[in-house]
Each structure stands twice: as structure tokens, then as C-alpha cells.
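**Q** Respectively, the protein sequence lines represent chains A and B. Going by this note's numbering, the first residue of the first sequence is number 1, and it counts up by one from there. Going by this note's numbering, the first residue of the second sequence is number 1001, and it counts up by one from there.
These are calculated hints, taken from the structure and not from any lab test. All residues carry an ideal CB built from backbone N, CA and C; glycine is no exception. Treat each hint with caution, since some may be false.
What follows is a list of derived Cβ distance ranges for each label pair [said to hold, decoys possible]:
| no. | chain 1 | residue 1 | chain 2 | residue 2 | range |
| --- | --- | --- | --- | --- | --- |
| 1 | B | 1407 | A | 101 | 32 to 40 Å |
| 2 | A | 154 | B | 1079 | 52 to 60 Å |
| 3 | B | 1406 | A | 150 | 47 to 55 Å |
| 4 | B | 1492 | A | 150 | 37 to 45 Å |
| 5 | A | 246 | B | 1394 | 52 to 60 Å |
Here are the simulated lysine-lysine pairs, DSS-like style, with alpha carbons at most 30 Å apart [what the hints assert, rightly or not]:
| no. | chain 1 | residue 1 | chain 2 | residue 2 |
| --- | --- | --- | --- | --- |
| 6 | B | 1078 | A | 238 |
| 7 | B | 1078 | B | 1305 |
| 8 | B | 1576 | B | 1463 |
| 9 | B | 1545 | A | 238 |
| 10 | B | 1463 | B | 1364 |
| 11 | B | 1305 | B | 1545 |
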Amino acid sequence: MRSSLKLSLTASALALAAGAGQAQNIDPNLPVYEAASGVSGNLTSIGSDTLNNLMTLWSEGFRSFYPNVAVQIQGAGSGTAPPALVEGTAQFGPMSRPMRGTEIEEFEARYGYEPLPMRGAIDALGVFVHRDNPVECLSMQEVDAIFSSTRAGGADEAITTWGQVGLTGEWADRPVAMYGRNSASGTYGYFREVALFGGDYSAEVREQPGSSTVIQGVAADINGIGYSGVGYGTADVKAIDIRGADGNCYSPVAEDAASGNYPIARFLYIYMNVDPNAELEPLRAEFVRYVYSQQGQQDVVRAGFFPLVNFIAEQDLEAFGLN
Amino acid sequence: MTSYNQQLPPASGAAGVAAVATKDTIAPRARRRYSADLSALGEPALWGFGGALALGIIMIALFLMVVLYNGATTFWPKPIDQVELTDGSVIAGVERRGTIFRPDLPRLTEDQRAEVEANDGFAYRTLYQTANFDLYGDDFQWVADFETANITQPEDFYYFERQTWGVFVGRIASMTIDGQEMAYDPAVLRREQRAARERFTEIRNLERREIGGLNFQIERERLNQRRAVLRMGEDGAAPVVAESQARIAELQAEFQELQARVNEIRSTDRRYTVTLEEVGGRQIAPEISQIVRYYPANAIGFFDKLGIYVSRWWEFVSAEPREANTQGGVLPAIFGTVAMTLLMVVFVAPFGVITALYLREYAKQGRITSIVRISVNNLAGVPSIVYGVFGLGFFAYTMGGTIDQLFYPENLPNPTFGKGGILWASLTLALLTVPVVIVATEEALAAVPRSMREGSLACGASKWQTIRYVVLPKALPGIMTGMILAMARGAGEVAPLMLVGVVKLAPALPIDTFYPFIHLDRSFMHLGFHIFDVGFQSRNSEAGKPMVFVTTLLLLALIVTMNATAIIIRNRLKRKYATGQF
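All chains should be modelled from the sequences, with the hints used to inform the complete structure.
**A** What follows is the structure, encoded as C-alpha cells:
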């Protein structure tokens, strides 16, 4: 096929141009996306706001192949995805955490089968402080003692001043101001599970409506600390290192997030209503293929997340019957 | 003269003279008048009211000025600074803003510490937009004054706006025109960039119109097949399916042809690239068609800047968004806002006016009408998000779900009307604004003089004829006022819309060239939501901030325009019916 060869050339040229400087390289084994025909219709996504930009970039890329696909993306938090899938108001339910048992049951009660997730990208949650804050590295116990009221991580007392994490001088007496996400957010749930060891948030955490709002809060507050997707960081804030299980400090970068050295990293999921007895219709099938392509993972980098490796892509394509 | 005469306030004028004339006989009265004067004149209240008004106006003016200033300056091209740092590294970027801060002294070198201490421990720092996200993994960088060795503005630095990956700041190293590498020539690049953008638009048009049309037909055939299978069963539908498959095959052939044309243009595109070099020497070589706009930021005059400024505004109001809404235009959002507001007026006008007519003209005034009026007024006080929840639950899920099952079963489980859409959003906003219209219409009807109605009735007109030909025309300007208020409220509302159909990205407009042309089931973009999204949800909130102001300015302008239009129409109506007065 002459046309598809040309297409693949474009894509690899793009990939080369983009990957030249940045450390984040995309797995060369991932297939290059090629357009199929007969793809049209509505593509609706309701769910995580962490994934909002990524879904937008994916659909912009997808639309460059299928210009007539009508794309609609809404992101108010991962908690909005399961009801939308159950009610059938969306085809894609992006979530920044796996579905809970009750959410899966609700879906199953309606359709008789479980929703199918695809893992679209890897996200490291950064712990951000104001750019002037000299703190370099925190252990998970310290993070827990800052954000939680339960201290399930085993810290003896709550951390309320920056002096308690070893800062000196004028920083020693400065209070710690916490910024976090609201409870509809998957980031909220995930952070509680991992960084708070399943405990509860302190009542003093200022809950923000969006990932970017957390960053803006920390940027404006010299005593601030907050958690958000690492891609949301700006020049006004600093992502600090987190002490891994081996006692070393790790920055939120691609390799350490993928290897698990950086302890607060996760997959980002896109849930779908896939009837196991029917074939996936072309629109959604092609979107899934696009996500697991060079171009799709290129978009992941543009959105500030970490790309997947081919191994995971193949597993998921298998699960969707698209191999 | 006695002392109390001097105490008389000068403003009391004639009364003061009278008091002087009779001071010897009725002194106590003059005294009482003095104590009553200030409050009788309303002085304290006057100052209070005047002050409150002035405060309100000042705050509104300040707000408008902030929006206007930030919004109007965003698109103005700014120079690129090349900043040499004391540690030997060099960055290049556009200055964004600066703040005073207190550096962490122990981390500084001797010289820097001395400099900062001379300033009482404070220093100034500047935020530069260094751009080049694909190379740096960052768009912005803070530079403190004490780190800066030298700032220059080299003339060969260019500011590139790209289709993807955002802005690039750097030099032009060389270019490849039609496969031939050559040295940079401004005139040639300018010409080729224009040609490449034309090719880009051509591809887009081919894809949108022709391929889009084919895709649309293929999708319709596929749905036809499913509908036939659902209605007649696998066997009964076989002939329909076969026929439809044949048509799809034909369309596929056409599709291949068009796709080949697009690929041809794309392969041409690949032979035209430009090699860009960032300040540190690293190079990238994007296709020229990927460059939306470029200019030598430090070497252009006022009129060139003006041209870029205008072209950016034009792109903003006429193009689709790029890079997850932080760049490009907001055309879908403008269109969505206007379409939704007009649709809302279409729904709210008849309902509001009919309700008010019945309440005022026909219903027997009594306890029940009072209860209805109180309820309507209370409706206006319900938080708007509650309407959103109602709209989602009732309109989208219940009504939309039913419509889908009855009319669009072939699409299920993908919803057609059973999700948020422009129709449901307009209905929800119509509900939200109907109290405003009812109240305004009732007031307008009540203001029609009784004599006019009686005159009309006395001439033998029936009640309906009186309302239709005398009362309604007279009340129309007042009704229009209600509409204007409703429109202003509706266009500025965001919270309920987030539940019933406003989305972050919906480039497909609710009205297009594909049958049935008006797609009321589609979700849409809205300027108000766009502001929220770009300001609080985008990956790089720093880059999004200027867009927030620009979009706010645009939304304000849009609402002012819609209101002004309505006011002009109202004034015309007033004039038209002015002769009808007795």
C-alpha cells in the first residue's frame, strides 16, 4: 500500500523531530497509526479531569485522521465516569484510578458484564511546594504526617511547620499549608490510598476543583504543599523528590515512575462498555488503536505524562480483541 | 447678631431669612428647625447613597479595566530577550512578569549574597517564556536579577507559533525547499510558509468536507443496516444489508481516491521543512506547514506588530482551538454560546409570556395566583446548579433516554439524545430564566393603562382582540426588557451547563452542512466554560492565563452585542407603537 507507507513515514519523521531533545522516548516497537476508512460518528468522553487534556490531545490527533468524528470531552473528576458509562452517556470513561468494586457491580447489574479498562498512560503524582521552598526530599511517612489526620504511615506526630521536616532559619516556624483535590477526583482517592496508607485527609487540606488549581494554590502560597499530576507543574512550583522503599530519593521522572522506584506513580485508565459477545465498532476500535500507537503516545508526552511501553499496549489490545 | 443665627445652615435659604425676621419672638422654633435640617435635607443618606453608587461604579470600572488591559495586550508581539546568566548558561525568552522575593541566602555565592544584602535581603526576578516544550520539557523559567549577567535582544531571534507543541523561540538555521537544502532567505520562507499554510487548509477542507461527507454516509449506511436488523431480524434484513454493503463499497472506493489526494499533498509538505535552532544550539526540523505564524520579534516595526496583533485576533475569533484549548481560536465556543442563548430565547419567550398573560389577564386574582407568583419569584432564587442536576436527570437521562430507545435504537448503547446536548442545555437555561421573563412581562402588562383596554372593549373588541392588538403591542418593550435580562443571565451562566452539555472540546458545530443540518443532540463549547477550563484545568496554567483574559473580554463583548441588539429592537418597537397611544 503506497498511501499507508507514506503515512508511516510522516509519523516516524514527526516522532524523530519531536523525540530529538527530550529524554522521554517513545517505545519504537509501538505501531505507527494508519488511517482506516469508514470511521465516523460521535466520540464522547466523561470522566477524570487529570486526563482531560490528554483526551483532548488524543481526540485532536484522532480527528486529524478522521476529520468528521464529532468529539465531546467532559472532565469533572473520575467519579463521574462510572455513572456516565452506566447511563450510557459516554463511550469513554477516563479515570485516574481503577474502578471501585461497587462501581463495577453497578455497571454489571445493568449490562451483565464488567467494564473494560485500557491503560493509556503512566502518571506520576508530584508533591509540589512553592519554588522558594528549600525542601528537597520527603519520605512517604512525612507526606502522610503532613496530609493526613490518621498518620497510618506510622509517624508519631502531625507535621504542621516546615521545621519538622528539617528546614532551618526563617522556614523553621513557617506553617505547612496543604492543598489537595476534591473527593470526586481520582487523584484524591489514589493519593489517599498510597501516600496516606489508606488513612484520612486532615480537615485542613484545602480542596481544589482541578489539578491546575492545586498548582496555582501552591504557587501563590509560600508555605504551600500540594499534590497533582506531575505534568501540571509550572515554573512557580517545584516537584520534590520522594524517598522510595530503598531509602533513596527519587524524582518524578519517566524511568523511576515506570520502574516503581518513585512510589506515587499510577496508570491512567480509560474505561469502556465493551460487550464481550459483539465486535467493537470501528470508531472505538480505531480510537483504542490510536492510543496505543506512536502518535498516541506522543500526545501522552505532550500532555505531560509518561508514555507506555509496547508490552502493555499489546496486553490491552489483546483484551479488546484488536490484535 | 446672636450666635444661633450663624449656626443656620446656608442651604436653608428662604427659611433662614424667615427665621432671622422672627428670631426674637419664636426663637425655639428656629432652634428646632436647625436640628431637623440635616436629616430633612437627607444629607447623610445622600452621602451614603452617592458613596455606594460611586463605589459600585469604581469597582465595575476597575474590573473592566483589568480585563480590557490584560485582554487587549495579550496578542501584542513582545521582544525576545537573550539572557546570559552568571553561571555561563544562556536562555532566550519573552518576558512575562516579575516579582520581588527573598532569596535563600545560604545557597547564593559571595557576590550574589552581597548584592542581595545590599537590598535588605530582597531581590527581583523575572519570568521568561522560554517556550520550546519539546526540547526543554518546560515552557517558563524564573531568572533572578543577581543571576543575570547581560540581556540583549538579538535581531535574528524568531518567535514561531506551531500547529502542535506550542511556541518555539530561536534562530532559523537553514531551510529545505522542495527537497533542496538552502540557506535561510526571508522572502522565500515567507512565500513558502504562505503556500504551505494554503496546502494545510486544503487538506483540512478535503478532510472536513469531502472525506467527512463520505464518512458520514458510510456511518449512516452502517446504522441503516443495524436498524434493519433490529426491525426485521437477521434474515429479513439480508437484502437491505447487501444493498447497503454495496453502497459502502462504492463509498470506500471514493474514499481511497480522496485519501490518495490528501497523501499526495502531505508528501509535498514533507519536502518543505525549516531547521530551527534554539539558543543552546539544539535543532529541530519541522515541516513549514506546521508553522502557523512566525516573526523576528526584535526586528519588526510598529506596523508589522499591528499586523501580527490583528491576525492573532482574527485567528482567535475564527479558528478552532489547538493544543488542548490553550492556543488557536475559540470559534466553536463563540458559536456554541450564541446558538445556545438564542435557542434558549426561543424556548423561554413563549412560555414566559403566555404564563404572565394568563396570570395577569385571565386568572382570577386570589390566593392561588398569589401562591403561583410567590413560587415563580422563589424559582429565581434557586441555585443554578440545581437546575443543572434537574436538566441532567429529567431532560438528558429520562426524556433523552426515551427518545433514544424509540427513535435511535440502532445507535445504542451509544446515546444520541440521552446525554447532555445543546437542546437540553437551552431547555435547562430556559427553566432558569423563565421567572425573569414572567415577572418582567407581568410588570409590563400591568403598566398598560386601564383606559386603553376599556377603550378597546368599548369599541366592541373581544378580550383576546384587546390583548392581541392593544395590550401586547404596548407591553412589548417591557417584555423585551425581560428577554434582555434573561439573555444576559443565560449567556453568563456556566455551572448548570457543565452537567447538561457543555464540554471542553467539541469542534463539530451544532449546525453544519450534513443532513439534517441542525444537530440538537450535539454537545457544544461555551465561552464561560472555556474560561474556567483554560484557567484552572489546562496543563500549563501559566500559558493559559492570558487566554483567560482574552476570552473574558470576548464573552463580555458578545453579551454587550447581544444586549445592544435587543435594546435596538426594543426601541424600534417602542417607536413603532408610539402612535398607537391615546
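**Q** Would you mind marking each hint as holding or not holding in the structure?
**A** A quick look at each hint next to the structure:
Taking 32 to 40 Å as the suggested C-beta distance range, the pair residue 1407 of chain B and residue 101 of chain A conforms, at roughly 36 Å. Taking the beta carbon of each, residue 154 of chain A and residue 1079 of chain B are about 55 Å apart, inside 52 to 60 Å as hinted. At about 52 Å, the beta-carbon gap between residue 1406 of chain B and residue 150 of chain A stays in the expected band of 47 to 55 Å. Distance hint check: the CB atoms of residue 1492 of chain B and residue 150 of chain A are about 43 Å apart, consistent with the given range 37 to 45 Å.
The hinted range of 52 to 60 Å is satisfied by residue 246 of chain A and residue 1394 of chain B, whose Cβ atoms lie roughly 55 Å apart. This hinted pair checks out: residue 1078 of chain B and residue 238 of chain A have alpha carbons roughly 27 Å apart, not beyond 30 Å. For the hint linking residue 1078 of chain B to residue 1305 of chain B, the alpha-carbon distance of about 9 Å falls within 30 Å, and the restraint holds. Between residue 1576 of chain B and residue 1463 of chain B the CA atoms are separated by roughly 23 Å; this keeps the pair inside 30 Å, and the hint holds.
Pair hint residue 1545 of chain B plus residue 238 of chain A holds up; C-alpha atoms about 19 Å apart against a cutoff of 30 Å. Our distance criterion of 30 Å between C-alpha atoms is met by residue 1463 of chain B and residue 1364 of chain B, whose separation comes to about 15 Å. Between residue 1305 of chain B and residue 1545 of chain B the alpha-carbon distance is near 22 Å, which keeps this suggested pair within the 30 Å criterion.
Figure legend: structure checked against the earlier numbered hints; every hint is met.
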